[in-house]
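Enquirer: Spelled out, the chains give:
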Amino acid sequence: MKNIQFYRSILFTTLLLILITVSGFSQSLNYEVYKLKNGLQILFIDYGTVEATAIRMYVNVGQKNETPGFQGISDLTAQALLYGNVKYGKIKQQDLLYSMGTTMSANANEKYTTVSCSFLNRDIDAGLDVFAAAVRQPLFPAEEVKQQISEFMQYNNPKKMDISELAQRFSNLFVFGINNPLGRNTYSAQVGKFVANDYKEFYNFNYTPKNTKIVVAGKLDKEKLKALFEKQFGNWESASGEINQVSFEQPVFKGKEYAFVNRDNATQVYLLWAKKAPTISDKDLLAFKMSISLFNRRLFEEVREKLGKTYGIYMSFNESQNNGIYTVSTQTRSKEMVSTMQAFDKTLENFYNTGITENELSRTKVKMKNSYISINEPSSIIGYFNPLIYPDIKKRLNFLNDIDVITVETVNKAIKKYYNPESYKLVIAGNNTELSDQLTKLKGLQKFENNAIEVNQ
Amino acid sequence: MKKFLLFIIGIMSAMVGSSQDYPIKIKTLKNGLKVIVCEMPTHGFVQSELWYRVGSKDETVGTRGIAHMFEHMMFRGSKKFPGSLIKKIEQSGITQFNAYTSFDRTVYYEYAPVNYIDSIFDIESDRMANLIVTQEVLNTEREVVAEEFSNGENNWYQKLNYARYKTLYPSGHPYETDVIGLYTDIEAFTAEECIDFYNKYYSPNNAFLVVAGDIKSDEIFSKADQYFGSITKQLTLSKRTDVPDLFTSKIKQTDMPIDYPVQIYSFIFPAPAIDDKDSKAYKMLMNLLFLDQNSIITERIVNKEKLAYTLYSFTEPEMVYSSYSLIDVIMSPMPGNVKVKKEIREEVAKVIASGIPQDRIDKYVKSFEARYIMGSYEPSSIAYRLGIAEFFFNNPDAASKELSEIKKITSDDLKRVAAKYLTEEAMQFINIKPSF
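In the order they appear, the protein sequences are chains F and W.
According to the numbering used here, the first sequence holds residues 91 to 547 in order.
According to the numbering used here, the second sequence holds residues 1230 to 1665 in order.
Think of the hints as simulated: they come from the structure by calculation, not from any bench.
Be a bit skeptical, because a hint or two may be false.
[Stated by the list, open to error] Simulated crosslink set (DMTMM-like; lysine to aspartate or glutamate; CA at most 20 Å straight-line):
1) F:K457 <-> W:D1347
2) W:K1592 <-> F:D185
3) W:K1316 <-> F:E395
4) F:K180 <-> W:E1528
5) F:K249 <-> W:E1382
6) F:K249 <-> W:D1488
7) W:K1535 <-> F:E241
8) W:K1533 <-> F:E234
9) F:K531 <-> F:E544
10) W:K1637 <-> W:D1505
11) F:K457 <-> W:D1443
12) F:K182 <-> W:D1425
[To be verified] Listing some non-contacts, in silico: residues in chain F with all C-beta distances to chain W over 12 Å:
13) F209
14) R212
15) Q237
16) G324
17) F338
18) G345
19) V359
20) S410
21) T444
Bear in mind the structure is a predicted one, so any value in this text is a computation, not a measurement.
We treat Cβ as the ideally placed atom computed from N, Cα and C, and that holds for glycine.
The task is simple: from the sequences and hints, build the whole structure.
Expert: In structure tokens, the structure reads:
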């Protein structure tokens, strides 16, 4: 069966789980960088105890590259890689993967696209053949693309979205603005104009050997794998080169700014705060990361454990997105909107004022190291060595030592910089009828119409 | 009598078995707590899971949701660790921890460096023996659980599940109420009810411990005895025999509205209990016919004819008692969708008449084996497998025998099981359509 429904009561560890899925290793890692003549770089990492291999292809294209009117095309194109290719139709491809006990996934985020799969070593020849056919020779069949777009449109009605999704969509717009590709949302009327040829053009321009890197981890026979990659990717040529270095302005935060979007019939309200965070090149990035679990603990303790306002309140920071923000989100009963906002403000202010202690930092360092060291699956370790985000593998390997040199002072300095209690952008999604009295208390509140996300410039 | 019983179940039994590629060892403490240890390489880390044989199946009228509510209370302090246990666990350095409640069981787990095993056992044993439940904390925590319930009410699919679940099971069935419970009951739990529940179900002979990682079994047995050995409370174990028959029971509603722009055909079939001889063949049948990525029906109505977006199920594949399997076919709302129902019935009828082609069965076995091997990295996966085997079969070694048992299933077995569980008489149906 596809899903088992459990009720998990303690989601506070979500942050730790996220860390684990994106990072972790032993510093004595055995790795090798291998380059094909066409410029495609492959990183081999010996990891794991099982006779299996995990592969992930990183393509340097994502939402950041989408021009007005083409929002969503990077993710839709990535998904459509799995709809059949010159060598294998969709059904045959699924059948082969099924027999090998695996699935292939492909998606794009703000910064980059990934295609991932794992195989038993006994299936690696056949597996890499299926993988390469999908990423190198996709057909984007018109009927499949039509079905995909139909499904997308079905699930993207802004009047029927859940409050969590509405808040996320409007937060992108509110924080980044319509002139930033991260602020432009994907919506039905715009996606409905896509045809298969749009995907082909997008693919041909962006999916090139020089714009792509591959990471392979597992119990590896490297010489065999090199020969296989030469066979499957050696003759991959493209007129385009390394093309996608895009930069754009970081979001600006000016005091406390509020926005609201209505969801009829909602009985809860979703609160999504966005705040300035360091980017990957900022020197205080690691010090800031050390503060995350401690701030999460305080939020959990104050808002959930002491006040019972919510089931969960989570700070979220995705280093690999490198978008210059972090968010805090929670969902609570409508009548508790303002009191929950006040509890957040108070916790933020206290954290800003008190910072962290030496003991807290020591515990955080141990936990952070354990989160990395404890990784067992190669499919997790390949996320840690994302070559588009961390091009210098030696520097990345030094991460555990970097943790050791962080001091309380540097963390508290980062807290003063990134936890200013007087500055954030808050998006509220909920039922206007139930919230109207409370909303009047918010100065400068910007009210969005539901269709406000349906603009592209 | 009690002393005699304790003596009988307390015979320290040390057995040696094999699971996956790693050895497992088992020992039962005098108080009935079974300890299952799997030694495996994990970079010096260990997964510890304490499984209690209690879930929403054990709730009674007026306390629907108390199993899950109680799981929350288990993080609210014990005699040795008063106050927030979450804070204490975090401060102890344990890397990951959490818990879940299902219809049949409640499981608490931790993942940490092996030298934290004392901290883990110290916390788990103290909250098994000496939990503190106060009305004040309960009043706060019930608000948290009420919000968890409301989170579901504000998600279109979960809201549908809440509403649909109420239409499914007959009165008196152990799965009559969804795990989250009833809002009105959650709002009214008392500390006394919680303490009664705790005293009744949180005992060593109603639980077992699974530990997997870079550990030595003798050391784990010794530490388990040190921390859990002195807990004496006992539960008289029993399994219900008065479970209503789902073949003759009828669901209460065949049409439902949904506040979302999709149409869902929900097919409902009776499913055997895990210890039923049909259980493994039934699971294979449902995967091959409906749920696998290349299932017969997915291939036809999703991939070839493009009449539906996807097939989905949220029901658990393994249950102590007979239950329902729900298969949701998610589509764009259109008048022509009736064709989907017709085609699914055609495919079901074909399987009842002719079974499933052998090549599909062979692929299923190969796929199962590959997934089984690839699922052997994580101590959490190993602990889960062993836990499932112990929970349902009282034998952790059953995990490693599953593949050989699956290999024995034939097309005729699938045909026979389909003819029993998927007939027109057994199948029920809900048409879920947008209300706007």
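Enquirer: Looking back at the hints listed earlier, which ones does the structure fail to meet?
Expert: 9, 12, 13, 14, 15, 19
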